[in-house]
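Protein chains: 2
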Amino acid sequence: VGDDGTRVVILGVGLHPFGRFPEKSMSDLGRTAALEAMKDAGVGYNDIQAGYCGRVVASTGVGLNIFEELGSTGIPVTNVELACASSSRAAEFAATAIKAGVHDMCMVVGVEKMPRGMLDLGQSGGGGMSFAGAMGLALLPGEYAMQARRHMALYGSKREHFAQVSVKAHKNGCLNPYAQYQVLLSLEEVMNSRMVADPITLYQCCPTSDGASAVVLCSEETARRYTTKPVYLTVSMGATPIYTPGEVELSEGPTAWLAQKVYEKAGLGPEDVDVAQCHDAFTPGEVLAVEKLGFCEEGEGGVFVWEGNTEITGKKPMNTDGGLLSRGHPMGATGGAMITEIVRQLRGQAGPRQVANAKVGMIHNAGVGGIQLSILTT
Amino acid sequence: VGDDGTRVVILGVGLHPFGRFPEKSMSDLGRTAALEAMKDAGVGYNDIQAGYCGRVVASTGVGLNIFEELGSTGIPVTNVELACASSSRAAEFAATAIKAGVHDMCMVVGVEKMPRGMLDLGQSGGGGMSFAGAMGLALLPGEYAMQARRHMALYGSKREHFAQVSVKAHKNGCLNPYAQYQVLLSLEEVMNSRMVADPITLYQCCPTSDGASAVVLCSEETARRYTTKPVYLTVSMGATPIYTPGEVELSEGPTAWLAQKVYEKAGLGPEDVDVAQCHDAFTPGEVLAVEKLGFCEEGEGGVFVWEGNTEITGKKPMNTDGGLLSRGHPMGATGGAMITEIVRQLRGQAGPRQVANAKVGMIHNAGVGGIQLSILTT
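Protein chains in written order, with this note's numbering: chain D, 333 to 710; chain Z, 333 to 710.
In short, the hints are calculated from the structure, not lab data.
Be aware that one or more of the hints could be misleading.
Which copy is meant is left open, so a pair is good if it fits within one copy or across any two.
Said to hold, decoys possible - Here are the computed lysine to aspartate or glutamate pairs in the DMTMM-like style, where the Cα-Cα straight-line distance is at most 25 Å: (1) 593 to 379; (2) 597 to 553; (3) 593 to 401; (4) 561 to 604; (5) 490 to 475; (6) 691 to 604; (7) 597 to 379; (8) 593 to 606; (9) 691 to 629; (10) 597 to 436.
Just chain D, same shape as in the assembly (with noise of 0.2 Å):
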């Protein structure tokens, strides 16, 4: 992030479980989530100068709500929306502010409740729909199932390489005790399940889940107080889609650009990734997103997870926390969980989903409004 000298450094990082819990507030959700990454960053409310909150559904006042019964500061604190990529964005603004030197130490909570059912995106509000939501794309499934069918006529991918993404997502979330499933599903039960949008069959698609994430961000210089092994945010920028006549873009938004110019800012390539978490809110998000990511060419995405290299044994390591499909996706939170993950897997802290030696982790998050890609390092 930025251009001058200032690093920003990720010093704690904190869940509360994904799943569905109807006795609690959001308040409750967010609370939990950050007195976890403060106590993980060995910081108290007091060290906290500004806030964000990543919150999609849930009206005004949520992110005061949260910090407000943390304590009593007069902290500024901001809700910040992207859809599925609140709080990856969030995260990117307060990282922006440290570098600005109008912070130093900064706390994102990711927090939502996702209502019952499908999501209808196309209703902008104020009696507006947009473009794609009028064309009938307002439905998420349905607009996976048109890239999955589209790299199936492409590539030749099959159904088997797409329900395959689902089948190593409920495998890492067995060994992920935040997730909202951790239960085990064989290609045969992930196949065989009800048709959503043909390829994507129900366990295909990201269940409906409560949850939050918080990260807390400093500069390097006061991390040098708490940590002598900082997880640094490298680079964080995000894109909209570009839309040019006669080509149809596979995955949401300019990933493969925006992806460029990510690895150039941090001096890195795909090579060097050693662990990612990417936006499987659908199980075409994963195929995509290895090609889109540089992990591997063109139209082999679908072979590419299918042969297990996104496995925790595999070359690259994808969604270790279960992603979005096992681990859970309630929309304010998943941005700042894959951040929880990546440093935790950075720091060896995984337990039995860590990858071995993992010293760069990528995040590519997903959502309506854009996409937002990180990269973390030792």
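Fit chain Z to the given chain D structure using the hints.
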């Protein structure tokens, strides 16, 4: 904003008229304001490197919709939400990104189509209710009325003092072609309108509005290519309420405390402010703001307003464009509208409502979630 040498310029401002526009979408409103701001700045959409959308009620995707219809350039776009102060906070974020060297030119679009009726902000979504909501303070006229009653009890302020704020606001609104109400109201009409929350009558409440604002910001260096008379966003800072046991905070958030910090950072004092915009969603807002911002002594706000000091020709002209009461208050758009008015005043472009020799402008923007104070200078 920030502590290094980079100064941020507000290069262009624009509005869609405030009012009720059932036939227009949020994108229609936002696009109109954005095009006006870019024209005012003398830039094209390709010059904009990041977008920020201030909006409260509308669902996710609104920011993307507005910006992607202006061009398919792939820039990051983020929804920033802080209730009534959304686009003020978004402007701070844009300025911070410019100071950090992340972006060089950014645009903030604030937009809203307010739903009919009274906004109930007590529900934070997900089944949770804020403390304030549970205490019955979720409806804002009640909250402002309690502040007014307290002020009357402590300092002897009269009902007329509050009502006069609306009389003055509507007088100014008549001079603003973008204002929702361009009609004179007498003190008697204001005081005799329907009681909403004693002492606040209907005409002391801001209307239900649709509208949009846009602000183009860039670094001082870049601004030199476009203008020889820049207006600077010298300071912009936010805060959340601080609860001190046994003390009653009049006004939303620790306004006086934050004002101190803002003046200090700008190297200015209340005596230097030539024109101000304050959050007069309900008439007590202005009475309290003039005290908290240091324009008069604590307790004297009612008399200060009553005596005409906040008129365009007064000592501290305030809400020269009609304010929230007469110009209107589409929540997400309000902060940008305040910036727009101050920029026009500092440039000497405010026409019939021009304040003579305005060099320093102040903005007080309060909302559920906190306050934002900004100082603009020539």
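Consistency of the hints with the structure:
Taking identical chains as interchangeable, the C-alpha atoms of residue 593 and residue 379 lie at most 25 Å apart only when they sit on different chains, with a minimum of 18 Å there against 33 Å within one chain. In this assembly of identical chains, the alpha carbons of residue 597 and residue 553 lie at most 25 Å apart whether taken from the same copy (21 Å) or from different copies (23 Å). For the identical chains of this complex, residue 593 and residue 401 are inter-copy neighbours only, at 24 Å across copies versus 39 Å inside a copy, given an alpha-carbon limit of 25 Å. For the identical chains of this complex, residue 561 and residue 604 are intra-copy neighbours only, at 19 Å inside a copy versus 48 Å across copies, given an alpha-carbon limit of 25 Å.
Taking the closest pair of Cα atoms, residue 490 and residue 475 come within 25 Å of each other only inside a single copy of the chain (18 Å); across copies the shortest separation is 60 Å, beyond that limit. For a Cα distance limit of 25 Å, the shortest separation of residue 691 from residue 604 inside one copy, 9 Å, qualifies, whereas the shortest one across copies, 53 Å, does not. In this homomeric assembly, residue 597 and residue 379 come within 25 Å of each other (Cα to Cα) only across copies, at 21 Å, whereas the closest approach inside a single copy is 30 Å. When the C-alpha separation of residue 593 and residue 606 is checked against a cutoff of 25 Å, the pair qualifies only within one copy, where the shortest distance is 19 Å, while the shortest distance between copies is 45 Å.
For a Cα distance limit of 25 Å, the shortest separation of residue 691 from residue 629 inside one copy, 23 Å, qualifies, whereas the shortest one across copies, 58 Å, does not. With identical chains, the CA atoms of residue 597 and residue 436 are at most 25 Å apart both within one copy (23 Å) and between copies (17 Å).
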